[in-house]
Amino acid sequence: MIEALLQALINGVIAGTILAVPALGFTAIFAVLNYPNFAIGALATVGAYAGWVGNTALGLPMVAALALAFAATAVAGLVVQWAAVKPLESAGALMMAIASLAAGLVLENALRFGFGNDLRGYDLPLLRDWRFGEFRVGPQQVQNFALALAAMGLLWAFLRYSRTGRAMRAVADNRDLALLRGVDPARVAAVTVAVGAGLAGMGGMLVGLDTSVDPLVGTRLVLSIFAAAVLGGLGSIPGAVAGAIAIGVAEEVAVLAFNPAYRLVVGFVVILAVLTLRPAGLFGARAS
Amino acid sequence: MIITTRRTALFAGASLLAAPGLVRAQGAPIRLGTLTPLTGAGGPYGPVMANCVKSVVSDVNAAGGVLGRQVAVVSEDDQTNPEAGVRAARKLIDVDRVAAIMGTWASAVTTAVAPLCWESKTFLATVSGADSITALPHSGWLIRTQPNTTLQGRKFGEYAVELGAKKVFFMAPQTPFTQSQLANMKPPIDRAGGSIELLIYDATKPSLRTEVDQVLRARPDLIVLGGYTPDTTVLLRDIFRAGFRGKLLAYAYSVNQQMLSSLPNDVTEGIYTLAPSPAEGSGGFDRVKRIVGNDNPDPYTCQIYDQINLILMAMAVGNDATGQGIRDNIRKVSQGGGDRVDNAVDGLRAIAAGKKVDYDGASGPCDFTDAGDITDCKFRYEQVRAGRQTLIRIA
Numbered sequence: 048m049i050e051a052l053l054q055a056l057i058n059g060v061i062a063g064t065i066l067a068v069p070a071l072g073f074t075a076i077f078a079v080l081n082y083p084n085f086a087i088g089a090l091a092t093v094g095a096y097a098g099w100v101g102n103t104a105l106g107l108p109m110v111a112a113l114a115l116a117f118a119a120t121a122v123a124g125l126v127v128q129w130a131a132v133k134p135l136e137s138a139g140a141l142m143m144a145i146a147s148l149a150a151g152l153v154l155e156n157a158l159r160f161g162f163g164n165d166l167r168g169y170d171l172p173l174l175r176d177w178r179f180g181e182f183r184v185g186p187q188q189v190q191n192f193a194l195a196l197a198a199m200g201l202l203w204a205f206l207r208y209s210r211t212g213r214a215m216r217a218v219a220d221n222r223d224l225a226l227l228r229g230v231d232p233a234r235v236a237a238v239t240v241a242v243g244a245g246l247a248g249m250g251g252m253l254v255g256l257d258t259s260v261d262p263l264v265g266t267r268l269v270l271s272i273f274a275a276a277v278l279g280g281l282g283s284i285p286g287a288v289a290g291a292i293a294i295g296v297a298e299e300v301a302v303l304a305f306n307p308a309y310r311l312v313v314g315f316v317v318i319l320a321v322l323t324l325r326p327a328g329l330f331g332a333r334a335s
Numbered sequence: 146m147i148i149t150t151r152r153t154a155l156f157a158g159a160s161l162l163a164a165p166g167l168v169r170a171q172g173a174p175i176r177l178g179t180l181t182p183l184t185g186a187g188g189p190y191g192p193v194m195a196n197c198v199k200s201v202v203s204d205v206n207a208a209g210g211v212l213g214r215q216v217a218v219v220s221e222d223d224q225t226n227p228e229a230g231v232r233a234a235r236k237l238i239d240v241d242r243v244a245a246i247m248g249t250w251a252s253a254v255t256t257a258v259a260p261l262c263w264e265s266k267t268f269l270a271t272v273s274g275a276d277s278i279t280a281l282p283h284s285g286w287l288i289r290t291q292p293n294t295t296l297q298g299r300k301f302g303e304y305a306v307e308l309g310a311k312k313v314f315f316m317a318p319q320t321p322f323t324q325s326q327l328a329n330m331k332p333p334i335d336r337a338g339g340s341i342e343l344l345i346y347d348a349t350k351p352s353l354r355t356e357v358d359q360v361l362r363a364r365p366d367l368i369v370l371g372g373y374t375p376d377t378t379v380l381l382r383d384i385f386r387a388g389f390r391g392k393l394l395a396y397a398y399s400v401n402q403q404m405l406s407s408l409p410n411d412v413t414e415g416i417y418t419l420a421p422s423p424a425e426g427s428g429g430f431d432r433v434k435r436i437v438g439n440d441n442p443d444p445y446t447c448q449i450y451d452q453i454n455l456i457l458m459a460m461a462v463g464n465d466a467t468g469q470g471i472r473d474n475i476r477k478v479s480q481g482g483g484d485r486v487d488n489a490v491d492g493l494r495a496i497a498a499g500k501k502v503d504y505d506g507a508s509g510p511c512d513f514t515d516a517g518d519i520t521d522c523k524f525r526y527e528q529v530r531a532g533r534q535t536l537i538r539i540a
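Here the protein sequences come in this chain order: A and B.
For the first sequence, my numbering gives the first residue as 48, with consecutive numbering after it.
For the second sequence, my numbering gives the first residue as 146, with consecutive numbering after it.
The shape of chain B in the complex, shown without the other chains (with noise of 0.2 angstroms):
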């Protein structure tokens, strides 16, 4: 009986190290980081984001993973603060020792995050519009699939010219982007012989009467919402009360479905909504709503499910599963013509299969500059009517 044992043990033990590797190293998989805000001002769209990387993911692994080894997803949560996101990727850094973490949403926290991440040599990609961002001396660990502040704000700039307004004052709390926003809405107003002012506001504060009655002593004609949704609604309902008849002008996601349910009609109707605009109608768009459940997927899960088959295909492209792997290589996947593929199964099958690929993802075209940002989007101008959302246009 115990030579049998010994026998058997030492037989396991030889077919073990005899196992081909693959079989070896799908024990030790490719670890990826998902740090979205769970909780906090970006809560509602933290958790589908992170969903939606685990139905790609679980896809890819289905079909063979990454490099012969399976691919695991670890999510935190960023609480849409910095000081928890730093916690929460310090531990996806050390202790989970992921190649790259995906999906920072609030400006503050990836700008918080990012000096972690290039020092660790995690990669880090971004849904955060501040240009501040890809100013940061990343050396390329850090791309974005959300258009910068510079090209928001100067849209934002536009459409409010474009709305009849003369006299804009802009509302907003601070942020990594208020300031370069109001830098780039201002130039196209001026040019149209209007004028742009600012008030920064406390985000945590119950009431804003006294801050819109600031406002509305200027008697503008539009006021532009830079804020997240939980203190907006407190700003509407302020505007609201004072009895403001003008324009408002707001950033999709502080708007969004949520507020709109929470608030009467009458308090949002007629609100514009400016936002950067998925690919409708791509086969990588039509891929998240059948993930997401919906038709009408938001724009940052569209995002994060670029960034993770990016990732994906960029570790099989460059046979490196580390966080410089994904550095040297994601521009191989992203850009410079090939087989489209808008889903990392078919691009991981054509990398295996010899092929260049060229990824055109749910979010846009994701072709990227050596900073990190994208080189082209398309936004979604809609309006408020009768609480819900209503395309004007997509340009």
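Bound conformation, chain A alone (with noise of 0.2 angstroms):
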């Protein structure tokens, strides 16, 4: 039992840690525009299908295929938020929320247009898990951990040391000071938008890297994501990285103590907890 406990425990961590990467990018858009951005899904399964793209079309290695499913990601992100999330802005973060689940929507069903409904599988041999005694761990795995650490690396030294990061932190600080100190709000929306955008999309090929690309590959995660994004406080950068691990941990171990079919209810029973003892989540001050 111990074992099998410990197995779930690296399977979790393993897995929010690639929860992590769309879970910061939903976050970091909360943080900066005041929205929960439900299109997060279909950006994910964007950056999936851009990624096969570039691996299975053009042979890019990775690390190639992961920048350009960052790239096309965020193009598609800043398509949304200016054709149908920024003429509902002085409508509310509701409207804002309604508009991008839409266009949610209509990106999955234009994938599904383009591409079928087919499974796709990136040109990658799949290997046998290495094996440590009684715990196995799988080498895409590993991978993925190392890419979306690196990416979570960027994105931290992106926001502390370069000057656009430090607006996008200014203004989700306190936005009118920053807005006094004379940063630009559009260009900060922009550059966030398209960088959340860009990192679901990264998320979005991690996931498809372990399993396969379809339509529907980035909707699945979307409770996931938000149920990470609320634990660890909305709004707060460390604690999407916190929330998601949390949630991936709990996913996996609750397999070993429920039926697994109700592996849903872990993120619905993790929102209502939050919401109900400590709204402001873990690492949150400004959702409260």
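Everything labelled a hint here was simulated from the structure, so no lab data went into it.
If you're wondering where the values come from, they're calculated on a predicted model, not measured in any experiment.
Note that the Cβ used here is the ideal one computed from N, Cα and C, for glycine as well.
This list has only true hints and no planted wrong ones.
From chain A, some residues computed to sit far from chain B (all C-beta separations above 12 angstroms): (1) R210; (2) A320; (3) P326.
Taking CB as the label site, the calculated pair distances span: (4) G426(B) with A114(A): 47 to 55 angstroms; (5) Y309(A) with A516(B): 26 to 34 angstroms; (6) A114(A) with E307(B): 45 to 53 angstroms; (7) A208(B) with V312(A): 52 to 60 angstroms; (8) G309(B) with A304(A): 30 to 38 angstroms; (9) F179(A) with A363(B): 20 to 28 angstroms; (10) E307(B) with F179(A): 31 to 39 angstroms; (11) F315(A) with R364(B): 29 to 37 angstroms; (12) G482(B) with V312(A): 53 to 61 angstroms.
Can you join these two chains into the complex? Each is in its own frame, and there are hints to help.
Pasting the structure below:
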């Protein structure tokens, strides 16, 4: 039983780390633009397809395909923002969230129209897991884990050291003060959406690498992404990472305790518990 | 000029009234609906199924229609999702006022849609397999061309025994047929001194590693995969990574060519599959091959081909183009002896000549019990070799 628990923990940390990438995108957009972008699932799907095209049609190696997934999804995110969300900005966060949900459905079906419903697999050999006594870890899992960590590291460096990253944090902390200091809100919003959507696309591709790509690959992640962001505190960058890892572990460990068919309950229970007991989440202050 | 115009109008009106009933009736076509999954897990099958129905109807219309009326097909998408299926069925029933709905694929969708059909006196023909469907209180408003899960489950159990399995694990998502599939697999395995266990997983989960670990801890020698294509793909990858060396047995509708081309060959090598077999070599099967343009049409397209042919002939034999007419007359054309026909154009001609017809279709003989189940069906046993399904036998 202990081995099963430890194995579930390993699986959960790896799944959570991958989940953290789109969760970071979701929470970054919330922090700066103050609305939950529910197109995040469809954007993750865009990334999965972009990476797949890069890898199979253009023959790109993984890191380059991941960069292509980021770039393509950043563009898709900006299109969603300008075409669907921005015109409803004055109607409030709820309308913006609904607009993003609708735009997500359009994106998902556009992909279905273009690529069909067929499952797509990356041009990668599937390797058997490495075994360490009773435990096992997959080479693909380890690679995805490393890529997810690298993406998060790059995001951290961008927010910490670049002028634009600092402007994003300033707007997230105190919008009015940032405006007084001469930060251009339109530019910061655009960069945030591009980076947030790009991260979602990278997350979609990482999940697609581990499984396969179809028009619903990102949509299946939405509840977990939202639960991770709520648990960590909507708008909190470290919170999204901690929340995603916690959700990843909880979903895997729950399999040992409950019927695995009830996995979705984990996400809902976490959202319900956090909103009831600590609405600001683990790390959030703004959300309260 | 005015007089001429008025005369013309009067003449036109009088001509319209005097026109034979046939001409006027052609203005109001008989409406039939297809409700197949164009998206979701059943997405690979639904579009082909809907096109097959349109092709049959187009041939019938070219030959003069049914009861002197043209037939119109309205196709909707159930998205392999009960909630979307109910919305689409409501549209077909309330807006399009179809006499029959054909082709519901997932058992959960059929279960949700069936009550709408019998309450509105719309006939429903389905390709879903769950036992519970024909046990619904449908009072004859439903038939299915797919063998039920009792039969399919027993075949899976017997085949697992034939493959030498002693310890079987059944991994499946929650569907209306999961429990009855397990219950019917169990007796043959028990009789052979083996055992079977069940793990139900969440079909939307991107990774099923922990679930696979749970199953492998029981050290099974055969795993039965009971899901649809997307989740079975995830499952197969995780089973391969975990290093499982035993046998795998699955539904042919999930381990299909689309899945085989998306996974490396070494992941799928050796998987055994089982599926209700279409009536290969029959006239109906050859017609479906021509309609879909390939030599290996899937069983669901063969079944919906049979459904549309039976429905068109039932309306003709009962001289009634409503759901009630189909319900009351479908068994008069599907069974009971008479001229053997495999398509509606020949059948309608025979019916017009006052002959009794007995339809034998692309999916099989298409004889139905009172509950709406088919009475006979063959199964197709295949194994994946080098990324392709290889036929072992049809029995």
